[in-house]
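A.B. asks: Here is how the chains run, residue by residue.
Number of protein chains: 4
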Amino acid sequence: MSEKLWGGRFSENTDAAVEAFSSSIDIDKRLYHHDVEGSIAHCRMLAKCEIIGQDEAETLIRGLEQIRVEIESGGFAFLDRLEDIHMHIEHRLAEIVGSTARKLHTGRSRNDQVATDIRLWLRDMTRQLLGGLHHFRKALVDMAESHIGVIMPGYTHLQRAQPILFSHYLMAYYEMFTRDAHRFEDGLKRINILPLGSAALAGTTYPIDRDYVADLLGFIGVSGNSIDAVSDRDFIIEFLGAASICMMHFSRLSEELVLWSSSEFGFVVIPDAFSTGSSIMPQKKNPDVPELVRGKTGRVFGSLVAVLTTMKSLPLAYNRDMQEDKVPLFDAADTLCACVDIYTRMFPALKINAPVMEGAVQTGYMNATDLADYLAAKGMPFREAHGCAGEAVRYAMEKNTELHELDIDELRSFSDLIQEDIFNLLTPRAMIERRCCFGGTSTGNVLEAIKRAHEQLAEDALILIEP
Amino acid sequence: MSEKLWGGRFSENTDAAVEAFSSSIDIDKRLYHHDVEGSIAHCRMLAKCEIIGQDEAETLIRGLEQIRVEIESGGFAFLDRLEDIHMHIEHRLAEIVGSTARKLHTGRSRNDQVATDIRLWLRDMTRQLLGGLHHFRKALVDMAESHIGVIMPGYTHLQRAQPILFSHYLMAYYEMFTRDAHRFEDGLKRINILPLGSAALAGTTYPIDRDYVADLLGFIGVSGNSIDAVSDRDFIIEFLGAASICMMHFSRLSEELVLWSSSEFGFVVIPDAFSTGSSIMPQKKNPDVPELVRGKTGRVFGSLVAVLTTMKSLPLAYNRDMQEDKVPLFDAADTLCACVDIYTRMFPALKINAPVMEGAVQTGYMNATDLADYLAAKGMPFREAHGCAGEAVRYAMEKNTELHELDIDELRSFSDLIQEDIFNLLTPRAMIERRCCFGGTSTGNVLEAIKRAHEQLAEDALILIEP
Amino acid sequence: MSEKLWGGRFSENTDAAVEAFSSSIDIDKRLYHHDVEGSIAHCRMLAKCEIIGQDEAETLIRGLEQIRVEIESGGFAFLDRLEDIHMHIEHRLAEIVGSTARKLHTGRSRNDQVATDIRLWLRDMTRQLLGGLHHFRKALVDMAESHIGVIMPGYTHLQRAQPILFSHYLMAYYEMFTRDAHRFEDGLKRINILPLGSAALAGTTYPIDRDYVADLLGFIGVSGNSIDAVSDRDFIIEFLGAASICMMHFSRLSEELVLWSSSEFGFVVIPDAFSTGSSIMPQKKNPDVPELVRGKTGRVFGSLVAVLTTMKSLPLAYNRDMQEDKVPLFDAADTLCACVDIYTRMFPALKINAPVMEGAVQTGYMNATDLADYLAAKGMPFREAHGCAGEAVRYAMEKNTELHELDIDELRSFSDLIQEDIFNLLTPRAMIERRCCFGGTSTGNVLEAIKRAHEQLAEDALILIEP
Amino acid sequence: MSEKLWGGRFSENTDAAVEAFSSSIDIDKRLYHHDVEGSIAHCRMLAKCEIIGQDEAETLIRGLEQIRVEIESGGFAFLDRLEDIHMHIEHRLAEIVGSTARKLHTGRSRNDQVATDIRLWLRDMTRQLLGGLHHFRKALVDMAESHIGVIMPGYTHLQRAQPILFSHYLMAYYEMFTRDAHRFEDGLKRINILPLGSAALAGTTYPIDRDYVADLLGFIGVSGNSIDAVSDRDFIIEFLGAASICMMHFSRLSEELVLWSSSEFGFVVIPDAFSTGSSIMPQKKNPDVPELVRGKTGRVFGSLVAVLTTMKSLPLAYNRDMQEDKVPLFDAADTLCACVDIYTRMFPALKINAPVMEGAVQTGYMNATDLADYLAAKGMPFREAHGCAGEAVRYAMEKNTELHELDIDELRSFSDLIQEDIFNLLTPRAMIERRCCFGGTSTGNVLEAIKRAHEQLAEDALILIEP
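Chains as they are written, first to last, in my numbering: chain G, 1 to 467; chain E, 1 to 467; chain X, 1 to 467; chain B, 1 to 467.
Warning: the hint list may mix true and false statements.
Where chains are identical, the list cannot tell them apart; a pair therefore holds if satisfied intra-copy or between any two copies.
To be verified - Once the Cα atoms are required to be at most 30 Å apart in a straight line, the calculated DSBU-like pairs of lysine-lysine come out as:
| # | residue 1 | residue 2 |
| --- | --- | --- |
| 1 | Lys29 | Lys326 |
| 2 | Lys451 | Lys189 |
| 3 | Lys378 | Lys399 |
| 4 | Lys48 | Lys351 |
| 5 | Lys189 | Lys138 |
| 6 | Lys351 | Lys451 |
| 7 | Lys351 | Lys29 |
| 8 | Lys29 | Lys189 |
| 9 | Lys351 | Lys378 |
| 10 | Lys48 | Lys378 |
| 11 | Lys326 | Lys48 |
| 12 | Lys351 | Lys189 |
| 13 | Lys351 | Lys399 |
| 14 | Lys29 | Lys399 |
| 15 | Lys189 | Lys48 |
| 16 | Lys138 | Lys48 |
| 17 | Lys326 | Lys378 |
| 18 | Lys138 | Lys29 |
| 19 | Lys138 | Lys451 |
| 20 | Lys399 | Lys326 |
| 21 | Lys29 | Lys451 |
Honestly, the hints are just simulated from the structure, not real lab data.
Could you put together the complete structure from these sequences and hints?
C.D. replies: What follows is the structure, given as structure tokens:
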């Protein structure tokens with residue numbers, strides 16, 4: 001009989017080029033741990049349900065554990081001919097334990113087995129990622145806390161808009177990455193469901209106990225429909241969607257670090273350990289890490305498109321096309337984890353150039369809004385006040401000066417409502433502290449946001465210590 | 001002063017081509033209802049907080065409601081010159097109530113206003129979509145219930161694999177669209193947050209009450225960081241991600257309806273009312289609705305890519321690029337709603353050709369698995385049993401017959417374990433009923449799945465009747 | 001008989017919701033001109049081949065021309081019930097000329113008709129786009145010519161790298177948009193093929209003369225396989241691919257204009273006519289046009305993904321899914337044309353702040369490469385020279401000065417090879433002029449590049465005046 | 001001094017995690033051959049221009065050739081610490097030839113070096129792909145030639161439409177893959193341009209001879225603008241666009257092979273050597289190769305999206321983000337090549353089930369169009385004839401028979417124009433042969449198309465034998 005699991009009705013051997021083309025062992029061998037874990041649980045259940053003997057189960061489990069050790073120690077041969085990790089393990093198991101090995105596949109199929117493995121893998125990967133994001137979110141909050149006094153320009157349209165606390169800016173990213181974490185957690189609910197027991201597509205004829213397997217493997221539920229269970233890859237796409245949004249956030253943060261480390265901005269110095277130089281220009285120090293992270297955004301978006309495309313229009317249930325889910329999934333997950341990790345390392349090492357940030361707040365008419373608010377507070381309709389402040393800006397620009405450098409007479413030429421108290425209002429610090437509504441940039445607000453973040457991080461840590 | 005909200009410092013008028021290029025009024029006018037709703041809530045809050053007078057508030061609200069009526073009755077002029085729906089409404093408000101109109105913008109900016117409008121709109125759209133999906137899921141369950149006796153081939157790799165209940169197949173799609181619904185509900189948690197009060201990016205200097213506005217508008221929370229609040233479009237991408245998965249499901253179902261209505265399959269007849277003919281071939285009846293739905297998958301995937309691309313690498317906070325979120329969002333949401341609606345209409349009208357489905361189960365060696373299981377139950381290791389059944393299939397194929405048409409001696413030539421009782425086991429009905437583990441295709445299982453679905457639909461209906 | 005073209009075998013009318021769902025008239029009515037044009041050519045050919053009478057042909061053509069006038073004058077009613085533009089025109093033709101109208105469809109089908117219309121449309125659109133790109137490329141060259149003396153920093157990694165001519169930078173974009181133009185021209189070869197005469201999919205039984213129709217319509221060839229001709233949408237995807245690359249170029253240029261108009265760079269002032277202000281911050285002047293263009297990149301990429309997705313896995317020949325090609329095609333083409341147009345208007349109006357650009361060249365150690373080259377020219381291996389210049393940079397940075405501000409003794413402490421002549425070499429102007437190999441930034445090179453560009457523009461103009 | 005090329009101004013070493021994160025050696029080591037080739041040409045030119053000595057050049061070239069041998073024999077150590085293949089080779093060169101190695105980098109930079117390598121690689125890959133496509137196109141034509149008599153139903157909307165020759169269907173794919181080949185050839189014009197000599201971004205100060213390098217390396221031109229030359233990745237995206245269209249074609253063909261090898265169609269048998277079985281269902285034979293190819297479409301579309309996303313909004317010139325071009329490019333090119341190869345192997349081995357195909361033509365009213373044409377030829381306006389044939393189809397369907405099985409009286413009840421000669425016209429063979437206009441399915445036409453294809457293949461072979 002052929003080595004293949006399915007050789008019985010075949011009269012020709014598989015073409016070697018086809019074996020190489022269709023083999024996925026280079027990719028899916030990294031599932032070995034979860035494949036062994038799933039098989040052990042399946043095996044324990046078969047024994048509990050008296051479908052196989054207790055001693056047979058023990059033999060199988062010992063064999064599986066030996067294989068795991070062999071793989072981890074590097075002493076395991078991978079061959080295209082054996083297609084995938086599932087076949088490799090089963091084939092080796094037969095070498096170790098003999099014909100009992102053939103009982104392991106009772107009541108299951110590769111279709112539900114591969115779905116189980118990939119869910120186990122993605123559950124672990126999601127938790128690892130949540131752990132990584134937790135560290136990075138903490139790094140953001142810690143940095144916000146330690147830099148609470150630093151003022152910088154807030155931008156819209158990359159034009160200086162209003163002064164803000166640098167810590168407020170950091171906490172904006174904390175919000176984004178917190179949403180990311182919660183999105184991954186929502187996805188976990190749909191990943192963490194056991195498909196095993198669905199067999200090829202219609203369920204199994206053996207009296208198996210799926211809940212017991214779910215308990216052993218820590219799944220929170222079992223799939224309700226066997227056809228769906230073997231043809232569902234939604235959870236992969238949902239993960240890739242969340243990963244894409246998270247990479248989009250990294251691309252924004254990276255863009256800003258690239259801008260900020262330019263000569264023109266000079267807000268931040270990326271330490272030498274996180275930069276590279278130029279092979280031709282000796283003076284260069286390049287923000288390689290943010291650039292690479294920004295560039296890797298493409299790969300993660302591409303992976304999302306890849307799996308959506310692959311799944312489009314596939315009839316139920318399993319189709320071989322679905323083997324193509326793994327390269328994009330693994331690549332996107334690895335890429336995102338690497339980006340989270342490198343940012344968590346780099347962030348505390350960034351040198352913030354506070355004097356330059358604060359200097360940038362002094363110019364650019366960022367107090368024009370507050371002049372308008374001042375006028376509005378004195379009874380001028382807001383739109384009129386806005387127009388009046390705009391005219392003052394134009395006047396000052398033509399004079400090549402700033403609003404707070406105009407004298408009181410010049411200012412009063414725009415409105416009689418302006419009085420000496422205006423000068424106190426037009427300082428960056430005053431502008432920041434007056435934005436004290438919930439969510440605004442005042443120091444008090446930002447300190448409270450930091451406090452809430454610490455509480456949320458403590459709460460979110462709970463999901464990370466689940467079994 | 002210029003008509004523009006921001007003309008004060010400008011010495012030149014906007015170029016007419018620029019006005020046409022940058023105007024979004026053709027697109028965002030459909031936000032008028034939510035813009036008015038948000039402005040009324042903002043206005044009530046300003047009065048409650050004594051930032052404007054109660055009488056001023058009433059004047060503004062009357063004006064806003066008049067504008068809503070004007071727009072709904074078609075008596076409202078839209079002009080490129082006025083850029084967007086927010087400007088149109090404010091401009092008209094000034095015509096109606098005079099200079100008081102200018103007070104409405106106190107304590108807010110277009111940046112937080114537009115973020116509020118789009119969240120209100122998407123919240124309503126999500127609920128409408130959930131309602132539509134609820135109807136369609138019910139249509140699937142009802143059809144499963146009314147067709148409980150119908151048998152068909154289950155496929156993997158588009159090869160006949162094992163007999164299943166047609167109702168089990170329908171319930172697989174019920175599972176998919178239920179996950180879709182829950183994914184949209186998860187997204188709703190992140191949509192339903194009030195950004196208003198974040199002003200341009202740093203918060204406002206006015207003593208506003210954001211919680212009060214959130215209550216008036218039915219938001220479940222207020223945003224915690226003003227910079228994030230005006231630059232966040234995650235909720236749009238998350239919606240488009242969920243919409244893409246849902247369309248992927250429709251593409252699979254559509255693919256099957258196209259296959260099934262072919263001459264070759266003949267499993268289903270799409271009624272004339274849902275088909276079209278050919279301008280040149282009089283005999284043709286084309287499955288246009290499933291084809292169009294399958295084709296529209298592309299547009300929704302494209303919209304997801306569009307917004308991800310647009311948001312990539314944007315520095316904080318608001319950038320004008322973000323105006324480009326609306327065309328893809330509106331197009332994808334409209335497309336998905338239309339697909340849900342047309343499927344809900346079409347499904348109950350499908351004519352299921354049960355005899356053809358059942359005929360297809362008789363051939364194709366679909367009972368080979370059960371022959372293997374039979375041997376395994378008699379003690380043969382499963383892999384060996386599988387090989388043995390495979391050989392029987394090959395033998396039967398060469399004889400151009402089916403397994404259950406072989407006589408007992410022929411069958412026993414493959415294994416002595418085979419006895420007369422085998423013939424009862426090899427009927428499609430017996431094969432179906434023996435797959436009675438949770439999630440399998442047996443009638444009992446499927447009836448229970450239908451019962452659970454009715455309960456879940458009742459529960460999920462609760463979210464639809466929220467205020 | 002039903003109004004539908006294909007009603008004969010149908011016993012039920014189309015559901016109204018289905019009509020609304022499947023109607024494409026809102027989208028494809030813009031093909032009216034090309035549909036009429038194609039029909040007239042088809043009609044002339046039918047008469048030439050004596051398939052219809054000459055008088056019938058004249059009647060049909062008069063009718064078609066009347067319809068074109070009706071549509072252009074706004075006096076034409078569009079109805080979902082009549083599906084698409086082809087049906088509308090045929091239906092109206094029957095009203096105008098009576099039963100002769102029914103002869104127009106002899107020897108063709110909607111499948112080859114729609115393929116013809118869309119090719120005619122895209123051929124015109126491609127030529128219009130080539131015309132637009134021609135103007136914009138000329139605007140870039142003219143600007144390069146008029147600003148030939150302006151020096152600016154060249155960047156890599158957004159770090160100042162080496163001084164360049166601003167004109168050299170502009171000519172880099174000239175190269176990109178020239179490649180775009182040539183890519184669209186290459187695509188045109190595959191667009192400009194006549195599919196008419198392929199009928200539904202198998203060809204027609206009438207003795208038609210396809211070459212004559214191709215001549216009348218200006219096609220350069222006729223399709224060689226009728227099945228391919230009605231199922232091919234490659235030319236649309238190829239166009240969208242070229243459009244995506246072109247928009248990517250605009251996104252890069254826009255990114256730079258946004259950066260350059262920031263306070264931090266200050267290299268360029270976008271005139272008021274091409275900017276907008278803020279509704280809340282009176283001092284703001286936002287680079288809306290570049291931002292919008294950059295944002296629109298998403299839509300074009302999304303359109304490419306949309307059509308690729310729609311076409312994936314479609315069996316031959318025509319499927320209704322393919323109706324979904326038009327929304328993304330039209331949207332992407334319109335978007336790109338609008339971007340080309342607005343940039344062509346905006347570019348000559350940009351105010352280049354040459355003193356700021358030149359000031360930026362004085363700092364940042366941009367002459368370090370030339371110091372290394374100087375040492376290498378004196379015999380030091382380049383890598384060693386590079387290291388030596390790097391150390392000089394580090395020394396100068398610690399002293400907070402520039403390389404050319406060090407005195408000769410300080411410089412010589414890094415290498416004895418340095419002599420007084422070094423100071424002439426370290427000026428930006430000298431650095432620029434020494435890069436005089438083909439393609440480099442020296443003034444002579446750039447002037448030659450401008451000359452070549454004018455010649456190329458003259459040559460490329462020829463394609464625009466083709467019939 | 002640090003091992004890094006750019007260590008001079010750096011006071012800290014690179015963090016090891018950063019080295020691992022930013023290293024691309026795992027990916028770009030496959031460029032080694034082209035890097036060596038490019039360096040040798042650069043070296044020869046430096047000697048020719050007397051920038052280095054002839055003996056130095058010979059030393060360098062010997063060293064480079066030794067490195068190539070070391071890499072090809074497996075005796076070369078790759079280290080994250082050395083970043084990329086360029087650094088690895090330079091570092092090893094210094095070990096072999098000592099300090100002369102440092103002269104190799106004279107007049108070039110990593111920016112133009114990497115651009116050169118990737119162009120050389122993609123030029124070779126494109127030619128390899130063109131060779132592969134040439135074989136596959138030939139396989140299609142050969143199959144068309146050897147199956148010229150086989151009749152099958154042509155489909156639109158997956159409904160049987162009109163009888164066609166199977167060879168005509170195959171030639172439709174020949175057209176598609178021929179367009180693909182020509183698209184890759186067009187792209188080659190833009191790949192095959194030498195960027196070397198652009199240095200970092202501004203050109204070089206050395207008196208190099210770029211045309212000489214271009215000649216040595218077989219480039220057809222040199223880049224005209226140094227900034228563009230180092231920041232251009234258009235040619236990669238263009239390649240990925242062409243690859244995506246080509247994969248879309250494979251997805252269509254694969255879809256059809258999957259359909260055709262189903263029990264329901266039964267048109268084709270994929271030989272055992274190109275199929276796999278099921279681990280649980282012994283009777284299964286799955287069309288794995290077409291499924292995998294169809295599934296891989298996702299990865300290629302994803303790669304296109306990846307590079308478009310990465311390049312979006314990058315300011316000029318080189319940015320480190322661009323390192324991310326290689327993973328998607330290599331993956332897509334390898335995937336496409338593997339698909340072309342496996343299809344070229346599989347196609348000749350397909351077993352065409354001609355009797356089943358021809359049987360499928362007998363039913364489904366595929367002669368309805370010809371009945372309409374018959375009536376039209378006798379003077380009935382086509383639209384009326386179409387309606388009349390539609391009514392005949394409805395009548396026959398209700399009687400559960402076919403049109404050609406109705407008797408003459410029944411047929412005449414639909415129109416008096418029908419006479420006995422109708423029966424000859426309604427056979428599939430007659431229908432096919434009457435479609436004899438250029439591009440139609442008649443045998444004569446298809447034979448001519450095959451002849452044209454052979455000529456075209458001979459002509460296209462010329463590009464494959466270029467140096």
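A.B. asks: None of the hints should be skipped; say for each whether it holds.
C.D. replies: Hint-by-hint comparison with the structure:
1. In the homo-oligomer, the alpha carbons of Lys29 and Lys326 lie at most 30 Å apart both inside one protomer (11 Å) and across protomers (24 Å), since each shortest distance falls under that limit.
2. For the identical chains of this complex, Lys451 and Lys189 are neighbours both inside a copy (28 Å) and across copies (22 Å), given an alpha-carbon limit of 30 Å.
3. For a Cα distance limit of 30 Å, the shortest separation of Lys378 from Lys399 inside one copy, 27 Å, qualifies, whereas the shortest one across copies, 52 Å, does not.
4. Within a single copy, Lys48 and Lys351 get their C-alpha atoms no closer than 60 Å, and across copies no closer than 46 Å, so neither meets the 30 Å cut-off.
5. In the homo-oligomer, the alpha carbons of Lys189 and Lys138 lie at most 30 Å apart both inside one protomer (24 Å) and across protomers (23 Å), since each shortest distance falls under that limit.
6. In this homomeric assembly, Lys351 and Lys451 come within 30 Å of each other (Cα to Cα) only inside a single copy, at 24 Å, whereas the closest approach across copies is 48 Å.
7. For the homomeric pair Lys351 and Lys29, neither the shortest alpha-carbon distance inside one copy (42 Å) nor that between copies (35 Å) is at most 30 Å.
8. Only within a single protomer do Lys29 and Lys189 lie at most 30 Å apart by alpha-carbon distance; the minimum there is 26 Å, versus 38 Å between protomers.
9. Taking the shortest Cα distances, Lys351 and Lys378 never come within 30 Å of each other, neither inside one copy (43 Å) nor across copies (39 Å).
10. Proximity of Lys48 to Lys378 under the C-alpha cut-off of 30 Å is restricted to the inter-copy arrangement: shortest distance 19 Å between copies versus 81 Å within a copy.
11. When the C-alpha separation of Lys326 and Lys48 is checked against a cutoff of 30 Å, the pair qualifies neither within a copy, at 33 Å, nor between copies, at 51 Å.
12. Taking CA atoms no more than 30 Å apart as the test, Lys351 paired with Lys189 passes in neither setting, with 40 Å inside one copy and 37 Å between copies.
13. For the homomeric pair Lys351 and Lys399, the shortest alpha-carbon distance between copies (19 Å) is at most 30 Å, but the shortest distance inside one copy (36 Å) is not.
14. Within a single copy, Lys29 and Lys399 get their C-alpha atoms no closer than 70 Å, and across copies no closer than 41 Å, so neither meets the 30 Å cut-off.
15. When the C-alpha separation of Lys189 and Lys48 is checked against a cutoff of 30 Å, the pair qualifies only within one copy, where the shortest distance is 28 Å, while the shortest distance between copies is 42 Å.
16. With identical chains, the CA atoms of Lys138 and Lys48 are never at most 30 Å apart, being 45 Å at best within one copy and 38 Å at best between copies.
17. Within a single copy, Lys326 and Lys378 get their C-alpha atoms no closer than 64 Å, and across copies no closer than 38 Å, so neither meets the 30 Å cut-off.
18. When the C-alpha separation of Lys138 and Lys29 is checked against a cutoff of 30 Å, the pair qualifies neither within a copy, at 34 Å, nor between copies, at 37 Å.
19. In this assembly of identical chains, the alpha carbons of Lys138 and Lys451 lie at most 30 Å apart only when taken from the same copy (12 Å versus 46 Å across copies).
20. For a Cα distance limit of 30 Å, the shortest separation of Lys399 from Lys326 qualifies neither inside one copy, at 63 Å, nor across copies, at 41 Å.
21. Neither within a single protomer nor between protomers do Lys29 and Lys451 lie at most 30 Å apart by alpha-carbon distance, with minima of 44 Å and 41 Å respectively.
Hint compliance for this structure: hints 4, 7, 9, 11, 12, 14, 16, 17, 18, 20, 21 are broken, all remaining hints hold.
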